[in-house]
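**Student:** As a plain string of letters, each chain reads:
2 protein chains.
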Amino acid sequence: MLSTGIRNARNVVHYLFGMGAIADLSTILDGRRINISDSVIFFIDSFFEHHNLLEGFNAITSGDQIIYVNTIEEPTTSFINFMRDKVFDASAKQPCAIVGIGGGITMDVAKAVSNLLTNGGNAEDYQGWDLVKKPGIFKVAVPTISGTGAESTRTCVMTNTANGLKLGMNSDFTVFDQIILDPDLTQTVPRDQYFYTGMDAYIHCMESLNGQYRNAIGDAYSTQTIQLCRDLFMGGDMMSDENRAKLMVASYLGGCAIATSYVGVLHPFSAGLSVVLGLHHGVANCITMRAMEEFYPDGYREFYRMAESQNVRLPEGICRNLTDAQLKQLYASTIIHEKPLTNALGECYKDILTPGKVKELFLRM
Amino acid sequence: MLSTGIRNARNVVHYLFGMGAIADLSTILDGRRINISDSVIFFIDSFFEHHNLLEGFNAITSGDQIIYVNTIEEPTTSFINFMRDKVFDASAKQPCAIVGIGGGITMDVAKAVSNLLTNGGNAEDYQGWDLVKKPGIFKVAVPTISGTGAESTRTCVMTNTANGLKLGMNSDFTVFDQIILDPDLTQTVPRDQYFYTGMDAYIHCMESLNGQYRNAIGDAYSTQTIQLCRDLFMGGDMMSDENRAKLMVASYLGGCAIATSYVGVLHPFSAGLSVVLGLHHGVANCITMRAMEEFYPDGYREFYRMAESQNVRLPEGICRNLTDAQLKQLYASTIIHEKPLTNALGECYKDILTPGKVKELFLRM
Numbered sequence: 001m002l003s004t005g006i007r008n009a010r011n012v013v014h015y016l017f018g019m020g021a022i023a024d025l026s027t028i029l030d031g032r033r034i035n036i037s038d039s040v041i042f043f044i045d046s047f048f049e050h051h052n053l054l055e056g057f058n059a060i061t062s063g064d065q066i067i068y069v070n071t072i073e074e075p076t077t078s079f080i081n082f083m084r085d086k087v088f089d090a091s092a093k094q095p096c097a098i099v100g101i102g103g104g105i106t107m108d109v110a111k112a113v114s115n116l117l118t119n120g121g122n123a124e125d126y127q128g129w130d131l132v133k134k135p136g137i138f139k140v141a142v143p144t145i146s147g148t149g150a151e152s153t154r155t156c157v158m159t160n161t162a163n164g165l166k167l168g169m170n171s172d173f174t175v176f177d178q179i180i181l182d183p184d185l186t187q188t189v190p191r192d193q194y195f196y197t198g199m200d201a202y203i204h205c206m207e208s209l210n211g212q213y214r215n216a217i218g219d220a221y222s223t224q225t226i227q228l229c230r231d232l233f234m235g236g237d238m239m240s241d242e243n244r245a246k247l248m249v250a251s252y253l254g255g256c257a258i259a260t261s262y263v264g265v266l267h268p269f270s271a272g273l274s275v276v277l278g279l280h281h282g283v284a285n286c287i288t289m290r291a292m293e294e295f296y297p298d299g300y301r302e303f304y305r306m307a308e309s310q311n312v313r314l315p316e317g318i319c320r321n322l323t324d325a326q327l328k329q330l331y332a333s334t335i336i337h338e339k340p341l342t343n344a345l346g347e348c349y350k351d352i353l354t355p356g357k358v359k360e361l362f363l364r365m
Numbered sequence: 001m002l003s004t005g006i007r008n009a010r011n012v013v014h015y016l017f018g019m020g021a022i023a024d025l026s027t028i029l030d031g032r033r034i035n036i037s038d039s040v041i042f043f044i045d046s047f048f049e050h051h052n053l054l055e056g057f058n059a060i061t062s063g064d065q066i067i068y069v070n071t072i073e074e075p076t077t078s079f080i081n082f083m084r085d086k087v088f089d090a091s092a093k094q095p096c097a098i099v100g101i102g103g104g105i106t107m108d109v110a111k112a113v114s115n116l117l118t119n120g121g122n123a124e125d126y127q128g129w130d131l132v133k134k135p136g137i138f139k140v141a142v143p144t145i146s147g148t149g150a151e152s153t154r155t156c157v158m159t160n161t162a163n164g165l166k167l168g169m170n171s172d173f174t175v176f177d178q179i180i181l182d183p184d185l186t187q188t189v190p191r192d193q194y195f196y197t198g199m200d201a202y203i204h205c206m207e208s209l210n211g212q213y214r215n216a217i218g219d220a221y222s223t224q225t226i227q228l229c230r231d232l233f234m235g236g237d238m239m240s241d242e243n244r245a246k247l248m249v250a251s252y253l254g255g256c257a258i259a260t261s262y263v264g265v266l267h268p269f270s271a272g273l274s275v276v277l278g279l280h281h282g283v284a285n286c287i288t289m290r291a292m293e294e295f296y297p298d299g300y301r302e303f304y305r306m307a308e309s310q311n312v313r314l315p316e317g318i319c320r321n322l323t324d325a326q327l328k329q330l331y332a333s334t335i336i337h338e339k340p341l342t343n344a345l346g347e348c349y350k351d352i353l354t355p356g357k358v359k360e361l362f363l364r365m
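Chains A and B supply the protein sequences, listed in that same order. For the first sequence, my numbering gives the first residue as 1, with consecutive numbering after it. For the second sequence, my numbering gives the first residue as 1, with consecutive numbering after it.
FYI, nobody ran anything at the bench for these hints, they're computed from the structure. Don't take each hint at face value.
Chain copies aren't distinguished; within one or between two, either way the pair holds.
[Stated by the list, open to error] In silico DMTMM-like cross-links for lysine to aspartate or glutamate, where the CA-CA straight-line distance does not exceed 25 Å:
id	residue 1	residue 2
1	K133	D30
2	K359	D177
3	K133	D177
4	K134	D38
5	K339	D231
6	K133	E360
7	K359	D219
8	K134	D177
9	K357	D85
10	K328	E73
11	K86	E74
12	K328	E316
13	K133	E308
The structure presented is a predicted model; accordingly, all values stated were derived computationally and were not measured.
If we strip away everything but chain A, and leave its shape as in the complex, we get:
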């Protein structure tokens, strides 16, 4: 542990920003292709299976492998291991680069497989903090939806297939070597999903600024992220060229913000919804907001003003017909998130979040 109590934050090494920046992916990969046999693995969100994002850009050469990633469910450790095996099956030689093109899930798959290829073992062996021992394969992210911050964070989230634990490979080696932030790529995102995912950046920064573990650099990243979200979600169409660029920047900076800070009450409840009901992270956050007024009154009000301003429909009644077993499971998978709950409510957070209180909050969603 460092003497300041603040993490020694690891940045993405290179970031390339701009409309049309994906055209430079080929140049970046060419810099890694030293020998003729060097190949690249592309993990691409299956949304793009019939809409070739890379057409005309010469990024893919004959020995490369494209693996489409089904993003209907959040990734499990078995899924990550399966993806790694696909890479192994295609070639005995390590790839010279791994590229993740998609949202949080696809980027997380690229991060995890990159680490597994050089470190050996299975995904579940590295769930936790600083268990990865060696740098992974050179990895590149090209986000096609903004908000999660997966492009800039040191984790890749996955649910353990055996015990249901949702926990990432938290490691400096998980951070991307290169990211390409091309706002043209988020044009095709459905509006609701654009909002749900985008609000992840707003929400984790809002939680961070309301927490007890704060520092001036984390605060600066969070403040700027929130300001960008305000500008773009309150000012005209959130999906205009200018606003898509702003959200892409907010997502990146929001990821930087949590490098030295923690989330709060909302993310643990949202994680509960994802684990028990299989909801995607972005929409689960937005659903959780329904019960957050008492913890984050200002953020709560601003969130609904943004949703109204963009005319976005927010799901309701998700927890109306839950069984007792499900509620019990929801309590367990929420309360397990000790760090963020302590950040928000102090060490005695369980005195505030009693099983009864947690149930009441879920029923409000």
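Go by the hints and put chain B onto chain A.
**Tutor:** Quick look at chain B alone, frame taken from chain A:
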């Protein structure tokens, strides 16, 4: 050149922030000391020669070398070569790390020597863009004054001893691998100097936001830097614990801002003052501001409000008794900065900045 026209920005790899963070320098260096013979070179601002910053922190071991850097004058290429020779004279073996503890000059010396040790040749061989071919020695910055952004930029500024050209080693390899941002270290800075250097962050971001080459990520960094400067220079004592922390963050983010953008009119004039009159960069910026009202009316007014709020004395009459030869030299060393002047005034900037106009502006300082 990339297709977006925006640079593929290179980040500092690790940043550690917090009051007292310098205590962790030893742990960070221990991670680089693999063999018993591995040594570290410390470049330390000579201000600290009789005030041992590292006392009690075990960062220095017996084989290490401390080189105090005289910061009375801005560095020249001969000075950098001389510093490199000092390292060579002390040991035939390459150091395992180079640490720069001080302000912009000391950090720039650390950057330049790190590159020269692995690339060979002299400092003047690398003045320009992307001339450095190999990564330098692992390098660490510990800023003890905030504002220049040297801790986060890809250049190290030096004046060519032979031809007077002020130009840095612009390279991704110039970027630090690790920086330690410890706001405790800026407690001893004289108030005027604290303001002059601090305003560098404000000024380069203000210029960037008023330029023609802009993009959403550069804008976000600039906006947050300016907001932090406003908060700290307008709100109470600029040197309170909280405000020193904010300025250290603003300096880092300001350096990030110019990774994808350019400065404007002020920096070229300021560079002229440094080259011809030998003024330090921070104070030269503040002097130049006297003539900038027509280019940056809002920034100009805000700058003087900040100076007034902090009761800082700004030098005046510096150019009162200049000779014609000096004025001619000032014109030449200002107008040479094509990129920033084009950013601010367009390609025909020489039609606006005629020799007569430039003289008039210098005389206003």
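**Student:** A separate judgement is required for each hint: does it hold in the structure or not?
**Tutor:** Verification of the supplied hints:
1. K133 - D30: between (27 Å within a copy, 17 Å between copies)
2. K359 - D177: neither (42 Å within a copy, 47 Å between copies)
3. K133 - D177: For K133 and D177, the Cα distance is within 25 Å both inside one copy (17 Å) and across copies (19 Å).
4. K134 - D38: So K134 and D38 pass the 25 Å test inside a copy (20 Å) and across (22 Å) alike.
5. K339 - D231: Cα proximity of K339 and D231: none, with 31 Å in one copy and 30 Å across.
6. K133 - E360: Answer is neither; intra-copy 43 Å and inter-copy 62 Å both fail.
7. K359 - D219: neither (32 Å within a copy, 44 Å between copies)
8. K134 - D177: both (14 Å within a copy, 17 Å between copies)
9. K357 - D85: neither (44 Å within a copy, 69 Å between copies)
10. K328 - E73: Answer is within; shortest intra-copy Cα gap is 22 Å, inter-copy 69 Å.
11. K86 - E74: Answer is within: at 19 Å inside a copy they meet the 25 Å cutoff, but 56 Å across does not.
12. K328 - E316: The answer is within: 20 Å in one copy meets 25 Å, while 72 Å across copies does not.
13. K133 - E308: neither (46 Å within a copy, 53 Å between copies)
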